[in-house]
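Residue numbers (the numbering used here), protein chains in the order written: chain F, 44 to 699; chain W, 6 to 340.
Take these hints with a grain of salt, some might be off.
As the list claims (entries may be wrong) - No farther apart than 35 angstroms at their CA atoms in a straight line, the calculated lysine-lysine pairs in the DSBU-like style are these: (1) Lys157(W) to Lys284(F); (2) Lys572(F) to Lys517(F); (3) Lys115(F) to Lys82(F); (4) Lys137(F) to Lys225(F); (5) Lys9(W) to Lys300(W); (6) Lys46(W) to Lys343(F); (7) Lys250(F) to Lys300(W); (8) Lys9(W) to Lys246(F); (9) Lys284(F) to Lys258(F); (10) Lys284(F) to Lys254(W); (11) Lys246(F) to Lys300(W); (12) Lys300(W) to Lys225(F); (13) Lys302(W) to Lys284(F); (14) Lys246(F) to Lys127(W); (15) Lys302(W) to Lys250(F); (16) Lys80(W) to Lys108(W); (17) Lys254(F) to Lys302(W); (18) Lys254(W) to Lys314(W); (19) Lys227(F) to Lys314(W).
None of these hints come from the bench; they were simulated from the model.
Listed below, chain by chain, are the residues.
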Amino acid sequence: MAEERCSGIGAYDVVVVGGGVTGTVLAKVVAELAWRDRKSLSILILEAGTGMVGGDATHNAYLNTYYGALAKTPNAPYPIADNAPSPEDLAFLKPPQDRYFVQRGPLPFGSNNLRLLGGTTHHWMGIALRMLPSDFELSGRHGVGVDWPFTYDDLKPYYEKAEWELGVSADSLDQLEINGVKPKDFGAYQFPMHGLPRSYLDKVLGKGLDKFTFKIDGQNYPARLVPIPQARNAMPNPSAKDPRDYIARTSENERLYQPFGAPDDPFTGAGQRCEGNASCIPICPSRAKYSALKTIEQLKMLSLRSGIRVDIVTKAVASDLELDDAGNIAAINYLAYDEPDLAYATPRRATGRWFVLASSAIENAKLLLASHGAPDGEGLANSSGRVGKNLMDHPFVLSWALMPENQPVGGFRGPGVTCDLPMRHGAFRSNRAAFRTDVGNWGWGLADGAPYQDVERIINPAAFAGMALGSPAKDLVPAEPIFGAALRQLIRSRVRRQITLGFLMEQLPSSANRVTIDDKHRDALGLHKPIIHYDIDDYTRKGMETAFDFATAVYQKLGAKEYTDPAVALGTEVKFGKRTFKYIGAGHIIGTHRMGTQKTNSVVDGDQRSWDHRNLYIIGCGSMPTTGTSNPTLTATALSIKSAEHLFRNLGLAGR
Amino acid sequence: MTLKKLHTMLQMALEVELFTIPPYLTALYSIEEGRNSVSVKILQSVAMEEMLHAALVSNLMNAVGAHPQVESGGKGQPSRRYYPAQVPHIARRLNIGLLPFSKRAVEDFMLIELPENRTKWKTGPGTYSIGQLYDQIRNLLVAVTEQLGVAKIFTGARSLQLSEVDYYGAGGRLKVVTDLDSALEAIAEISQQGEGRLHSNAAGDEAEFGLPKEVAHFYRFEQILEGRFYDRDDDIRKPTGPRLLVDWKAVLPVAVPGPKATPTSPPGIGATLDAFTATYEELLACLHQAFNGKKAKLVSAVPIMQRLKVQATEIMRIGIGNGQTCPPPFWFIES
Numbered sequence: 044m045a046e047e048r049c050s051g052i053g054a055y056d057v058v059v060v061g062g063g064v065t066g067t068v069l070a071k072v073v074a075e076l077a078w079r080d081r082k083s084l085s086i087l088i089l090e091a092g093t094g095m096v097g098g099d100a101t102h103n104a105y106l107n108t109y110y111g112a113l114a115k116t117p118n119a120p121y122p123i124a125d126n127a128p129s130p131e132d133l134a135f136l137k138p139p140q141d142r143y144f145v146q147r148g149p150l151p152f153g154s155n156n157l158r159l160l161g162g163t164t165h166h167w168m169g170i171a172l173r174m175l176p177s178d179f180e181l182s183g184r185h186g187v188g189v190d191w192p193f194t195y196d197d198l199k200p201y202y203e204k205a206e207w208e209l210g211v212s213a214d215s216l217d218q219l220e221i222n223g224v225k226p227k228d229f230g231a232y233q234f235p236m237h238g239l240p241r242s243y244l245d246k247v248l249g250k251g252l253d254k255f256t257f258k259i260d261g262q263n264y265p266a267r268l269v270p271i272p273q274a275r276n277a278m279p280n281p282s283a284k285d286p287r288d289y290i291a292r293t294s295e296n297e298r299l300y301q302p303f304g305a306p307d308d309p310f311t312g313a314g315q316r317c318e319g320n321a322s323c324i325p326i327c328p329s330r331a332k333y334s335a336l337k338t339i340e341q342l343k344m345l346s347l348r349s350g351i352r353v354d355i356v357t358k359a360v361a362s363d364l365e366l367d368d369a370g371n372i373a374a375i376n377y378l379a380y381d382e383p384d385l386a387y388a389t390p391r392r393a394t395g396r397w398f399v400l401a402s403s404a405i406e407n408a409k410l411l412l413a414s415h416g417a418p419d420g421e422g423l424a425n426s427s428g429r430v431g432k433n434l435m436d437h438p439f440v441l442s443w444a445l446m447p448e449n450q451p452v453g454g455f456r457g458p459g460v461t462c463d464l465p466m467r468h469g470a471f472r473s474n475r476a477a478f479r480t481d482v483g484n485w486g487w488g489l490a491d492g493a494p495y496q497d498v499e500r501i502i503n504p505a506a507f508a509g510m511a512l513g514s515p516a517k518d519l520v521p522a523e524p525i526f527g528a529a530l531r532q533l534i535r536s537r538v539r540r541q542i543t544l545g546f547l548m549e550q551l552p553s554s555a556n557r558v559t560i561d562d563k564h565r566d567a568l569g570l571h572k573p574i575i576h577y578d579i580d581d582y583t584r585k586g587m588e589t590a591f592d593f594a595t596a597v598y599q600k601l602g603a604k605e606y607t608d609p610a611v612a613l614g615t616e617v618k619f620g621k622r623t624f625k626y627i628g629a630g631h632i633i634g635t636h637r638m639g640t641q642k643t644n645s646v647v648d649g650d651q652r653s654w655d656h657r658n659l660y661i662i663g664c665g666s667m668p669t670t671g672t673s674n675p676t677l678t679a680t681a682l683s684i685k686s687a688e689h690l691f692r693n694l695g696l697a698g699r
Numbered sequence: 006m007t008l009k010k011l012h013t014m015l016q017m018a019l020e021v022e023l024f025t026i027p028p029y030l031t032a033l034y035s036i037e038e039g040r041n042s043v044s045v046k047i048l049q050s051v052a053m054e055e056m057l058h059a060a061l062v063s064n065l066m067n068a069v070g071a072h073p074q075v076e077s078g079g080k081g082q083p084s085r086r087y088y089p090a091q092v093p094h095i096a097r098r099l100n101i102g103l104l105p106f107s108k109r110a111v112e113d114f115m116l117i118e119l120p121e122n123r124t125k126w127k128t129g130p131g132t133y134s135i136g137q138l139y140d141q142i143r144n145l146l147v148a149v150t151e152q153l154g155v156a157k158i159f160t161g162a163r164s165l166q167l168s169e170v171d172y173y174g175a176g177g178r179l180k181v182v183t184d185l186d187s188a189l190e191a192i193a194e195i196s197q198q199g200e201g202r203l204h205s206n207a208a209g210d211e212a213e214f215g216l217p218k219e220v221a222h223f224y225r226f227e228q229i230l231e232g233r234f235y236d237r238d239d240d241i242r243k244p245t246g247p248r249l250l251v252d253w254k255a256v257l258p259v260a261v262p263g264p265k266a267t268p269t270s271p272p273g274i275g276a277t278l279d280a281f282t283a284t285y286e287e288l289l290a291c292l293h294q295a296f297n298g299k300k301a302k303l304v305s306a307v308p309i310m311q312r313l314k315v316q317a318t319e320i321m322r323i324g325i326g327n328g329q330t331c332p333p334p335f336w337f338i339e340s
């Protein structure tokens with residue numbers, strides 16, 4: 044296991060581009076299978092960004108950067124190399140030509156990723172829920188979008204393995220509360236750890252919403268508070284059995300789950316659990332939350348134990364793929380830099396037998412489009428013409444309200460979200476987007492800058508006098524500044540009654556929403572910047588309308604006073620009829636190399652293998668044909684494991 | 006008779022484990038925020054493993070039908086005693102106080118965690134070291150089990166056993182004790198992590214899991230004093246690994262020796278100390294219940310420990326004259 048640059052990158056069995064969750068899980072599963080079957084194997088992982096495998100020094104450095112950051116945005120704690128830029132959290136602060144994404148509109152694409160060893164799982168929330176069975180058949184059932192090349196039942200065993208790979212805390216019985224989930228969808232399976240405790244807020248809201256239903260397109264749907272599966276350490280479930288048949292075992296005992304905590308920590312290695320630090324995004328101080336560094340650490344230990352060669356090379360930005368005469372991938376060219384912020388790099392070439400692109404949906408598409416090996420000038424793996432197309436997100440919209448005086452909910456504790464109010468399934472999906480709900484545990488933090496904004500309004504009301512606030516928001520601004528005990532009392536009364544419902548909206552695939560490249564737009568090393576064309580269609584906007592109506596109905600049922608105000612909300616305006624909403628990105632970059640049943644309608648097959656180049660897998664959220672309403676990391680991880688098993692069967696290690 | 010002796014000795018072991026935690030925590034919490042990060046990690050890891058050891062002793066006790074006592078002062082309970090004090094149930098002179106992070110404190114910790122040395126064990130009456138205490142427990146356990154049979158010794162209910170489901174997070178596994186084999190494993194885990202062997206600095210975990218070099222407590226502390234890590238192939242007492250930087254000055258000026266009587270100034274200090282005392286009482290009560298059947302209490306103890314840390318640090322910032330600050334009024338139990 045070498046992190047330093049290898050000078051001569053010889054032929055590897057598998058070359059992976061991208062040191063995030065999908066690439067490292069794939070590498071780990073292939074390595075586990077090789078070890079189980081006692082085969083020798085070599086894997087190279089190329090990471091564009093900088094970074095190290097865990098260790099307290101690195102973690103503490105990230106943590107201290109986070110503590111010192113004025114704007115605690117998702118990428119705030121992490122070092123970002125100029126030579127491998129990540130999309131900026133606060134792009135509007137930079138002149139357009141300096142931003143990494145070239146946004147061609149009509150709307151901005153609101154999500155970003157992190158190019159650093161470990162990838163975006165450094166700053167993800169850790170929500171790890173499955174897609175619904177109906178999500179795989181959107182076209183068949185509702186006549187919109189497309190179907191997946193396989194069903195939920197086909198992916199189910201990989202979901203189970205993915206939940207054990209990431210370490211997901213949840214209880215199957217809870218998941219059966221979701222409308223659209225049947226007992227057979229989970230069967231006798233048990234998650235490796237029990238669900239996290241519900242927050243006090245969840246309990247108060249759960250009681251208030253007992254038997255509540257909501258009507259959409261003439262049909263009533265149950266509005267139940269359902270705990271969300273989370274990839275963070277909680278209490279292990281002693282009766283759960285490990286479904287990962289790719290792991291070599293010597294005893295039945297080894298099928299019990301061992302929580303995995305800080306990577307590379309010689310002293311306290313075994314499984315820090317969630318302490319409710321309430322900063323999952325951007326960083327989990329206790330390292331209870333899954334990050335790909337944990338997988339890399341496990342891969343490192345496996346490599347030591349098994350003799351399987353795993354080289355991880357950071358500061359290596361893939362620039363293009365090369366073909367051999369037979370039309371297979373022969374090599375990946377990359378630029379190796381020494382200084383993150385000095386625009387100087389050495390071209391290098393990594394050869395191998397099998398190649399895996401796992402560098403996020405946008406980077407995967409960009410890399411394929413920038414590879415000029417194909418005769419048609421459309422890049423590689425693109426005979427379908429679909430590379431870069433069907434870019435999707437879960438546009439995220441927020442509503443917020445104050446609970447009655449006598450019903451504080453005590454926010455700002457625990458992970459950001461512990462429960463969902465799902466509206467994910469129903470006949471309405473032929474007409475409007477489904478959504479799931481982040482029942483926010485952090486007050487109005489995201490919606491309205493709480494608690495800082497609460498203080499500001501009360502001590503400096505003059506600053507808000509000229510603002511075009513909606514009528515309820517005006518009530519929050521006193522006539523005169525208030526200080527001292529009265530200030531403390533008012534803050535206390537307000538902040539602990541704040542509730543937020545955030546909606547992750549389903550988005551349909553559209554070839555107009557796409558990633559392209561243009562020779563005019565280059566980054567520091569001269570590689571293409573992604574050019575993004577993005578819009579939100581009426582299907583999703585109609586869903587937003589429903590979501591806000593739903594929020595209003597929930598607040599009425601709870602006796603809460605709504606303060607939702609597009610004038611002050613975060614994000615970009617979209618209109619539907621007379622209504623205005625504001626959305627931000629959910630951080631979910633989906634689409635761009637769709638999976639499908641045929642070479643003509645998709646970029647990869649059901650195992651994420653390129654139709655055009657059979658020794659190439661293009662993996663990650665980019666393969667997802669539709670978004671459903673689930674945060675996509677778990678699904679992408681399940682797909683990685685599916686691809687890894689497929690790849691291993693094709694590796695041709697016989698005789699080793 | 007001998008079974009009763011075993012119960013008594015296990016309670017002694019529990020008291021020894023609980024005795025060690027406050028000195029470690031005091032040193033740990035006295036380090037200025039963000040400084041001496043390696044030493045912090047070492048102290049933290051040892052303190053966490055002592056908590057694991059206390060839980061393992063509780064499992065041993067429950068397995069053989071004893072009742073772990075953690076609370077103090079009541080009828081049939083151990084008495085409450087204050088630092089500095091002789092380590093309970095250890096015969097050789099070993100006076101330990103609540104010191105801020107310093108060379109002297111680390112030297113004291115090494116004396117607590119003295120490696121196994123069987124020649125010294127033979128020379129004096131009583132128990133020479135914690136290592137010897139566990140050795141005596143091991144021998145007694147084997148002897149009574151041979152004498153009375155497993156069925157008469159391991160009579161405790163399985164439901165009393167704490168397991169990894171109830172506790173995890175330190176470098177070791179909370180083993181469930183149901184028979185002689187698992188009891189001996191639990192004892193081995195405690196002594197390997199803590200005192201290690203005279204001729205080896207490795208703690209058990211390393212060999213078991215192929216993890217990076219993890220040395221037993223004594224040697225872990227020695228690294229701080231030597232300013233150097235152990236390398237993988239180093240002999241004991243001669244670490245040659247990378248430098249370990251220690252800033253002995255980045256420490257709160259906690260008074261040594263601590264005040265003889267409870268300080269009454271500055272005004273308000275009494276309430277702060279009382280709040281700490283209440284929290285520590287609450288924590289020990291919680292652990293007592295967790296060790297005696299109410300296992301869910303172990304989770305309730307977590308936020309109390311966090312509160313205790315905040316309160317201890319607050320006390321260590323209160324000036325009590327001469328530029329010195331107040332140590333947290335931890336106590337220990339001794340029967």
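So, going through the hints one by one against the coordinates:
{"no.": "1", "hint": "Lys157(W) to Lys284(F)", "in the structure": "33 angstroms, holds"}
{"no.": "2", "hint": "Lys572(F) to Lys517(F)", "in the structure": "43 angstroms, violated"}
{"no.": "3", "hint": "Lys115(F) to Lys82(F)", "in the structure": "46 angstroms, violated"}
{"no.": "4", "hint": "Lys137(F) to Lys225(F)", "in the structure": "49 angstroms, violated"}
{"no.": "5", "hint": "Lys9(W) to Lys300(W)", "in the structure": "25 angstroms, holds"}
{"no.": "6", "hint": "Lys46(W) to Lys343(F)", "in the structure": "22 angstroms, holds"}
{"no.": "7", "hint": "Lys250(F) to Lys300(W)", "in the structure": "28 angstroms, holds"}
{"no.": "8", "hint": "Lys9(W) to Lys246(F)", "in the structure": "48 angstroms, violated"}
{"no.": "9", "hint": "Lys284(F) to Lys258(F)", "in the structure": "40 angstroms, violated"}
{"no.": "10", "hint": "Lys284(F) to Lys254(W)", "in the structure": "50 angstroms, violated"}
{"no.": "11", "hint": "Lys246(F) to Lys300(W)", "in the structure": "23 angstroms, holds"}
{"no.": "12", "hint": "Lys300(W) to Lys225(F)", "in the structure": "34 angstroms, holds"}
{"no.": "13", "hint": "Lys302(W) to Lys284(F)", "in the structure": "26 angstroms, holds"}
{"no.": "14", "hint": "Lys246(F) to Lys127(W)", "in the structure": "61 angstroms, violated"}
{"no.": "15", "hint": "Lys302(W) to Lys250(F)", "in the structure": "26 angstroms, holds"}
{"no.": "16", "hint": "Lys80(W) to Lys108(W)", "in the structure": "40 angstroms, violated"}
{"no.": "17", "hint": "Lys254(F) to Lys302(W)", "in the structure": "33 angstroms, holds"}
{"no.": "18", "hint": "Lys254(W) to Lys314(W)", "in the structure": "21 angstroms, holds"}
{"no.": "19", "hint": "Lys227(F) to Lys314(W)", "in the structure": "47 angstroms, violated"}
Violated hints, listed in ascending order, are 2, 3, 4, 8, 9, 10, 14, 16, 19; each of the other numbered hints is respected by the structure.
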